[in-house]
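Peer 1: Protein chains in written order, with the numbering used here: chain A, 1 to 170; chain B, 1 to 273.
These are computed hints drawn from the structure, not numbers from a lab.
Please read these numbers as outputs of a predicted model, since none were measured by experiment.
Beta carbons: idealized from backbone N, C-alpha and C, even for Gly.
Please note: incorrect hints may appear among the correct ones.
As the list claims (entries may be wrong) - Part of the chain A face toward chain B, derived, beta carbon under 10 angstroms:
#1 54
#2 57
#3 61
Here are the chains, one letter per residue:
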Amino acid sequence: MINRIIRYTGIYVILMLLQIFVLNNIQFSGYVNPYIYILFILLLPVETAGWIVLIVSFFAGLILDLFTNTPGMHAGASAGAGFIRPYILRAISPRDGYKPDSEPSMIIYGFRWFLVYSLAIVTVHHLLLFYLEVFSLAGFLRTFLRVILSTVFSVTFIILAEYFRGVVRK
Amino acid sequence: MRNLLQILAKYHRLILFILLEGVAISLIVNSNNYHNTQVLKSVRKATIAWEGIVTDVRNYFRIRKINEDLQAENTTLKNILLKYKNLPDSVLFLITDTASESIYEFYPATVVNNSVNRQKNYFTINRGKKHGVDVNMAVVSPWGVAGIIVASSDNFSVVMPVINIDFKLSSKIKSNDYFGSLTWDGRNCNYALLNDIPQHVTLNTGDTVVTTGYSSIFPGNIMVGIISEFEKSGSDFYRIRVRLATEFRRLTYVNIIKNRNRAEQVILERGFQ
Chain A
1 MINRIIRYTG IYVILMLLQI FVLNNIQFSG YVNPYIYILF ILLLPVETAG WIVLIVSFFA
61 GLILDLFTNT PGMHAGASAG AGFIRPYILR AISPRDGYKP DSEPSMIIYG FRWFLVYSLA
121 IVTVHHLLLF YLEVFSLAGF LRTFLRVILS TVFSVTFIIL AEYFRGVVRK
Chain B
1 MRNLLQILAK YHRLILFILL EGVAISLIVN SNNYHNTQVL KSVRKATIAW EGIVTDVRNY
61 FRIRKINEDL QAENTTLKNI LLKYKNLPDS VLFLITDTAS ESIYEFYPAT VVNNSVNRQK
121 NYFTINRGKK HGVDVNMAVV SPWGVAGIIV ASSDNFSVVM PVINIDFKLS SKIKSNDYFG
181 SLTWDGRNCN YALLNDIPQH VTLNTGDTVV TTGYSSIFPG NIMVGIISEF EKSGSDFYRI
241 RVRLATEFRR LTYVNIIKNR NRAEQVILER GFQ
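Chain A with its partners taken away, still in its complex shape (with noise of 0.2 angstroms):
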């Protein structure tokens, strides 16, 4: 447990520098804005309890939160990410269920089911914050556009971190 909590520190603290470093510094053309630490929410275990699940996310959104400016928005956004997780999870379980103890991670269900996974939650993510931010209907297609594109880069991100960690794990 203990072992646990330290591992999921570090790969939040590795995923907030990304975040805050380099991400935060790419825009292209005011549409797109990549958001790489969704990935923690997605990587908790998978038997993890929902309501400690919407909690986590909520404060991993708050603290970018504060260093982006940008209070409640990614707080927002990371608590509406957590509360479908479990949907998600339990829509797309594979045929024989999900390994005992274990990771929601590409490393073990695969590239398809992973994509398909993270897809769904960051889409979910990306709707809240984009439309948090905005905070009106109005340009309702532009904020739509930006939701679309930016779930696009940030999957890519996702997916590109999910491989590296695999690579380095061999």
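Position chain B against the provided structure of chain A, taking the given hints into account.
Peer 2: The following block gives chain B in isolation, referenced to the frame of chain A:
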């Protein structure tokens, strides 16, 4: 009672989710003047120290470019100075302010935190109440208009730049003095829109857009940008895209402009609004 507990047990995740979203949304709503959120205020101190380090590193890598910009600004200032040196004394007297001192004060400041990739961008500068800086003062970069101070603590101030969708600035076209309001559409941090210019006005791409000085915040004739394209829209007004003079991506040194007579002007005008 037992039913209630059962419902709570059954829907605890949903209830918790709604609660957390409530907290998040209240944070966002308060963040329009977010500096008031006490929870974040204390933690901000820690992250601001951190941002200071990050900014130091960034500035080191940008130092060459910053130098060039400062040199360029120096040259312009020297040229302006030269113009005044060559004037006869009598003229010098004529153009001085009747209050015998300028109504504008300048304070230099450094940007310690900046964002360009959001809809509501803000940046933080390292001057605050301690240095005589307060809300509703203008901030200009070496290139032109940068933003307006919306909050200040003892040591820092938060600036709403032109590239914030809530920003509005009264600006005019320098060549013909027609004025309108400048806003940002949230797309590209290099371009803004100039609204309310009627269609009978003759425009050219490359025309300079400057501030009007009507707002009591910005002095007049400060560079805003140049017209990059314009088209006639369905209404009576042009749709004008302005290439902003200020490069927000590498904003580092700025000047704060304080209007000493602002309070007086605001109080006088209040009776008529």
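Peer 1: Hint by hint, say whether it matches the structure.
Peer 2: Here's how the hints hold up against the structure:
Nearest Cβ of chain B to the Cβ of residue 54 of chain A: about 5 angstroms, under the 10 angstroms cut. The hint holds. Annotation: residue 57 of chain A was flagged as interfacial toward chain B, and the flag holds, the nearest CB pair being 9 angstroms apart, inside 10 angstroms. A distance limit of 10 angstroms between C-beta atoms decides the matter here; for residue 61 of chain A the minimum to chain B is near 8 angstroms, and the interface restraint holds.
In this structure, every one of the numbered hints holds.
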